[in-house]
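Chemist: As a plain string of letters, each chain reads:
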Amino acid sequence: QSGSAGSSGSSGSAGKPTGKPIKQLTIGLPGSLSNLYPGQEAGILNYYVAALVMEGLVYVDPNGITRPAVASSWTRPDAQTYVYNIRPDAKFSDGSPVTVDDVLYSFQMARDAKASPGIASYYGAVKTITQTGKNQITVKLSTPSESFEWVPSAPGALFIAPKAFWQKNKGQIGTPQALLEGTGPYRVTSFAPDSHVRLEPTGTWWGGKPPVDAIQINFIANDSARYLAEKSGAIQMSFNVPLDAVQQWQTLPGNRVLSVPDRSWAGLIFNTKVAPTSDVHVRRAIAHCIDRAAVVKELLHGQGQVATAMSTPEQFAGVYTPQQASAKLAAIPQLGFSLAQAKAELAKSSVPHGFSTTLEYPNTGPQLGTAALSLAANLKKIGITLQVKEVTISQWLANLSAPKQLLRYMWYFNTTPDPAELVSYLLASSPPNLAGYVNKQVGTLLGQASVELDAAKRATLIIEAQKAAAADLPYLPLWWGRSLTSFSDHVGVKNYSSYIFESPWASNLYSAA
Amino acid sequence: MTVPGATAGRASRAAGLYLARRVAGTVLLLAVMSVLIFSLLYAEPGDIVRNLLGTRPVNPQTMAQIRAEYHLNEPFVQQYWTWLSGAFTGNFGTSVQSGQPVAAAITSRLGLTLELVVLAFVLAVVTAIPAGVLAGVRHGRGTDRAVVGGAVLFVSAPAFALGLLMLYLFADYLNWFPVYGTGSGVTGRFDHLLLPAATLALGLGGFILKITRAAVIRELDQDYVMFARARGLRNRRVLTIVLRNASVPVMTSLGLALAYLVGSTVLVEQVFSLPGLGTLLDNAVIFKDVPVVQALTLLMAAAIALSALLVDLAYLALDPRIRYEMTAR
Amino acid sequence: MTAPTALTVTGLRVRAPQGPIVGGLDLQVQVGETHAIVGESGSGKSVSAKAMAGLLPPGLTATGALTIGTDPVPLDGAARAWHQVRGSRITLLPQDPFTSLSPRHRCGNQIGEPLRRLGRSERAAAVLAALDEVGLPARVARQYPFQLSGGMRQRVAIAAALITRPDVLIADEATTALDVTTQRDVLDLLARLQRDRQMGLILITHDLGVARGRADQVTVMYAGRTAEHGPAATVIASPAHPYTGRLLDCDPPLDVALERLPTIPGSVPRLALVGTSCTFASRCDLVTDECRTQVPPLAEVGPGHQAACLRTAEFVRDRAGPEHAGRGAAGATEPAQPAGQDGSTALLSVRDLTKSFGGTVALAGVDLDVMAGESVAVVGESGSGKTTLARIIVGLETASGGTTTLAGSARPPQIVFQDPYSALNPSLTVGTSLRDALRAGGRDRSDTEVAALLDMVGLPAAYARRRPRALSGGERQRVAIARALAPRPDLLVCDEAVSSLDVSVQAQILNLIADLRARLGLSVLFISHDLAVVRQAADRVYVLYRGRFVEHGDTSGVLASPAHEYTRLLMASAPAAHGPRPA
Amino acid sequence: MTPASSIAELEAASIAGAFAGRRRRLPVSVVLSVLLLALVAICAIAPGLVAPHADRQDILLGVTGPGTAGHLLGTDDLGRDILQLTLGGTRSAVAGPLLIALGSMLFGLAFGTTAGYLGGLLDGLIARWADLLLALPAVLLAIVVAGIVGGGYGVTVAILIVLFSPSDIRLIRGAVIEQKTQPYVESAKVLRMPAWRIMYRQILPNVMPVVIANFMLNIAYAIVAMSSLSYLGLGVGPGAPDWGRQLSDGQSILASNPAAILAPGILIVLTATAINVLGDWLFDRLNERVAAR
Ligand SMILES: Nc1ncnc2c1ncn2[C@@H]1O[C@H](COP(=O)(O)OP(=O)(O)OP(=O)(O)O)[C@@H](O)[C@H]1O
Ligand SMILES: Nc1ncnc2c1ncn2[C@@H]1O[C@H](COP(=O)(O)OP(=O)(O)OP(=O)(O)O)[C@@H](O)[C@H]1O
Ligand SMILES: [Mg+2]
Ligand SMILES: [Mg+2]
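First to last, the sequence lines map onto chains A, B, C and D.
Heads up, our numbering is the position in the first sequence plus 27, with the first residue counted as 1.
Heads up, our numbering is the position in the second sequence plus 27, with the first residue counted as 1.
Heads up, our numbering is the position in the third sequence plus 8, with the first residue counted as 1.
Heads up, our numbering is the position in the fourth sequence plus 3, with the first residue counted as 1.
Please keep in mind that the hints were generated in silico from the structure rather than gathered at the bench.
Please note: incorrect hints may appear among the correct ones.
[Stated by the list, open to error] So the derived label-pair ranges between C-beta atoms look like this:
hint, chain 1, residue 1, chain 2, residue 2, range
1, A, D105, B, G210, 55 to 65 Å
2, D, L289, B, G212, 47 to 57 Å
3, B, T134, A, K50, 28 to 38 Å
4, B, V62, A, R94, 51 to 61 Å
5, D, G123, C, T411, 19 to 29 Å
6, D, G123, B, R168, 39 to 49 Å
7, A, K50, B, N100, 48 to 58 Å
8, B, R263, C, V303, 38 to 48 Å
[To be verified] Anything over 10 Å on all C-beta distances counts as not near chain D; from chain C, calculated:
hint, residue
9, G72
10, P80
11, H113
12, S129
13, R205
14, A415
15, L520
16, Y574
Here a beta-carbon is modelled for each residue, glycine too, at the ideal position from N, C-alpha and C.
All chains, please: the whole structure from these sequences, using the hints.
Modeler: Here you go:
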């Protein structure tokens, strides 16, 4: 399994760099954006666009390492304190310099649930944010939180804009009436919701001039149309190539599809509070019924990795390489595909003759649906009737936090490089987690991890916590996903990795021939 | 049998009364619909807060703040009232998903959908009515069968399937049209909208054609046609007389056309990735974006009601009997 | 006749895919002459007329030779050829003024339509002249057909038909849909125009009275063939074909009430099923084997008088004999007054009945009595309120004012309507319809009761299994009467119950009603616009005019010496097959 | 009035067989439609017979193109045989539309008949209600409602019944009003038959031809509407064999197996066309019959 950046199954590779800038890059985006500000609409694609225009104090480099952005440097004097120095040469796209006031106000806006409903909850642990020097800001937390490191970044939850701009366009940021304003390499020159965004370089970015002169991002909701557009050469790059169409895209001449782990996790949530899934044998029986390797190979067309845990291998950046992380995570006990064992487990359970239940999946994740159907086909053989139901994303989300069902899907995109991001969400018992699972030992390990400053020790604690929980099987990890991006052979890309689109990624592109 | 010669004043008063009644009916219809949609959205699972936050862990304070922002903790009647009083002052609220004022979100997409629908309508009318007349005149012969066969086929094909076929055939295989986008400038726009409009027009044209043909056949069977021919009128003159009489049922079908177009445009905009009202509605429904869904359905229903009204007015112009009956009342 | 020929047709045959419809029609119309084609429904009159104008519906084909003036016109000619002929040489005026004009065009435009070549003002002038010619005011040009009465519409149609100045006009039952008085006006108009323009007029009618009063020549058609042809007066005074004779006999006289009307048993066959035989063979008293094996040729029986009958001689002899000559005298006796009519017990009494529909007053206060066992008629022109009165009496309409009282013990009255085709439920068998009626009347609904009802109206019990579709108009009307009799009513209201039947069938039904009255002591309220029918069917008559009774009394008395002007007008308008020909 | 009793014509009707005048050969299109619909009916009634393995999946097989051994039309991404899946999908593709047409017909019969016959306030209410529903964009509303409620086969069918019913109500109401003034109905009234008997025994059989023809056309429209909603993910649940579902699922594997989308697509169009052809023909025939009497 390749965990690192790289292309997979591509039919060709980009030509040699020409050294010239790319005049115009037209990109096809699936689905559509109705607002460009991730604080309002927090979709993964919104982040991709915003990453070119706005920045936080820090950013995540292609290797997953946190680096200074609008901040020139930052320190963490203790577990509950972060200190940032603002870069003196940082300028907004209109040429005005970034002031501490702007940053503080941007923080304030990010924490405001009305202005930024999509991201405000990241600031739950923050006690104060104050100016502590001419160009210095200090954040104090109420509890130690390792994961705060990524919060003041653009892929996280801070988008720095001029204070005047915030005040002028309160609640409207990101709409066509109030396009984004930031310190990034590009500014938005036009935006029509559901149609397109056009970006042009600002010339004021501290990182220099980016290699692409104009970026036109078109929203092409229909996958067939997007495919035909790529085929006709109307677009040169395309995000999120649909998994089941990957072969089709790969065989397009003059085109290549690059695949990279996207730090997403798909898994099943067992309701441990309600019978019969409160019975571990039932959970184990179900786990034995899914052939995860086959699902990844056939249903995901190999574009994924069988998940052995909740942390994705890419989130141990700086401690382990993804390969090392995969190996460590593989040590967590797993239940293999075996209908015989499944039958045996079920026989030991309170419902030896099976039962019936439903599993909902969001209409935006068809691969979840096919995997569920495959699971259902196997469950049927041991006497469990699983009805697979497709629901709208909003209904799925609603049912996710209001559990009635025995079995639910979780489909989570980690936004930070923190290995504990999903683990603490799913395993911490306060507030109650989605499985209703309580385990003291797991709680203790997670508690230690949250105050551990040493990254390596922390990583070990997080893996230990998952090991401890694995025996009880409150969640069944299915796969770690990959995202596929299609590039014309005239567009080259450097440093291609899991994190690339969360930084000002256009600076990694080059013109190829 | 003689009908009183209606004076102009009486006629216009009757027409005014009629219009007032129709408008009142339409307003009532819209009110009922808004309550219906609002209560549906209210009652169904799916939570705006959740939609905004995605799968991330929810912080209770944030949740409460957002709920308050969108008046979600108020009782149904109050929520509806908030919406209604806003709507009366022309404020349809802001989209939950985009934060954009609903009016702006709609107006920015209205143009495209309007162009698409109008183009489709024109295409359908200019092809289907002559074809329907031709089939009616050639009733029972080869031409008739071929034309009707085509119409039935188009009526039977779901718009999205037709759209996909068109996309692969004309945009990809033959490379005559662009595969996506909205184009700029008049010709660019036309180039981009022709394929989706044609998709819509085929299905719609099928309906119009069938009705035109039936109307023409029925009229051709009337005594007055025989009498006109008996007086030596040429076929073309006879046909113009027939067409005037056949126009009433055809008008009815055109009135229903908008309802058809509004429904199908949702599908066709999806297939051709057009950022029109259909796409907006589909997204808003999925996202449970109440203000947008409300405003859009009402807008579309109002448009349809308006077209029904126009059709009724057209009846008055086309059918003297209805005109006199109305003023006689 | 030395006048030039306007139209000649010889050997006209029309075929449908299923077989022949018209089997050889010969016709010669002189300039300035009126030629009537008479025949019962389905005899092929309309089809022949359409064939002569090149207007046959698709599927029908015509053969034969047609000459208009001196120019031969190919009957199966192309559409283009006909365009030279239609309008300018020959025009067909259809029957129903309610459908023959386009409902959504102004009358002026419709009339002027063939004059497209003329300028606007010239055309307008021509239209006004045409309207004036048919006696309509100029404003009609700006009106729509629905704003006009039936008579006015037919005048508009005539104006439209004649604006191209055709040499020959075929009027296919052009007055049948109109009221008697209007009918006379329109016929007068046609006669005047024909005289003025010296055109040939072919008058198609099923009414021998019209033929007698209006035509110079008459052709009697039967089942698609010519039965008899000759000068109108001759044919009607001394018919040479048994069918013509029987048809004349069936037509009820206006001056006397016959005890029993003569009828022709059986019904008209389809030409396709007749084969080589006389079409009338199945219904003829004089039929011989010879009649059944050959098609009788048209043979000269007098000057310009031909008949297609092998037995003409016998027929003419019989008719001249004493047996037939007594027809008028024998019938002159008034029908015996049925029992129970002593003038004391009013079964139904209507007092000061009024009815208005919105603004229109249909009934403006009428008083009417029907004694037990009596037959009372209400006559009046179209729109006078006859139907409204009938509907109120049977409870289909509620009166605006006044009372209708039924004698204490009487069962609710029942009604028989005009159109036999819609009178019966087309999806139920006759038996089922009758059973439903018996059940509704609270009576035993056994098969024997149904059979008894059918028997009462002279139909075999086997008809119970038939659907209305398989019955003739006369038979349907019989079933309708049987159904009305199911709850044993004391009063039967007949709203124009015989008006849409052919004379021969009409006679059968009138006889049936008379029989039922005698057998059941039934009272009948007879609504009609046909005075001759009233003469036969009613003891007393009320004359309704604009919602009021203007006259009433014994039928014989009222008709012999009408007191009211309107009654006199009605009498004068009635086209009579018998009696003196109007000037 | 003309003496309408064309006895000869009637005789022809009884002697030479009913509709002798119209005994044409069946149009080829109608014959083909009937044959196709018969096949569709077999597939719908006995899916187990024609497609016993419609839901057998073999994910290890993956998508294969047409002509693979044992899979004439190839497989979909779950390794299901497209031919079997398509045949097996017939039932849900036609059962829903059938239910919709039937449901809206029943609505029409219940409300249209009473409204038309009884008239008055009830008629006013029902007619306005039908007008109200008719003024709504049906497909759009179905999308909104099904989208909000969450789709599902039953829900979609129910919504479409409600949205289809006003046109049936109006049609039947109109036909009943037309029949109501017919002498045979008035005779029944004069005979003092109860209203329900008049409505359902006397009038109904005579409006049935129009109703049945309209029922056919409704099925065709419903097939198209259902598949459109399925395309938006609002129809039948995932995994179940269904043409509309196959169309939306099959789009993504178009390149690897075009049959996955072509087979159900063609069947939808063909079935709807066949029903339309049959419905149109029936409509003409029944109208002719009505005109002929
Ligand atoms: N288009 C047609 N196809 C087949 N048969 C037809 C057609 N038109 C008329 N007929 C038949 O031709 C015969 C003569 O019809 P026609 O209309 O000429 O009768 P008519 O004498 O005018 O009767 P009426 O007095 O009722 O008008 C009838 O039996 C009729 O059924
Ligand atoms: N349902 C109705 N609504 C409005 N006006 C009506 C209605 N029925 C009859 N009338 C009007 O009432 C008057 C009398 O009509 P009615 O039918 O009683 O006449 P009639 O003597 O039977 O005529 P006809 O000989 O033509 O049958 C007419 O002016 C008619 O237009
Ligand atoms: Mg005729
Ligand atoms: Mg009347």
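Chemist: Hints first: check each against the structure and report whether it holds.
Modeler: Hints, one by one, checked against the model:
no.	hint	in the structure
1	A:D105 - B:G210: 55 to 65 Å	58 Å, holds
2	D:L289 - B:G212: 47 to 57 Å	53 Å, holds
3	B:T134 - A:K50: 28 to 38 Å	33 Å, holds
4	B:V62 - A:R94: 51 to 61 Å	54 Å, holds
5	D:G123 - C:T411: 19 to 29 Å	25 Å, holds
6	D:G123 - B:R168: 39 to 49 Å	48 Å, holds
7	A:K50 - B:N100: 48 to 58 Å	52 Å, holds
8	B:R263 - C:V303: 38 to 48 Å	44 Å, holds
9	G72	21 Å, holds
10	P80	31 Å, holds
11	H113	25 Å, holds
12	S129	40 Å, holds
13	R205	27 Å, holds
14	A415	18 Å, holds
15	L520	15 Å, holds
16	Y574	22 Å, holds
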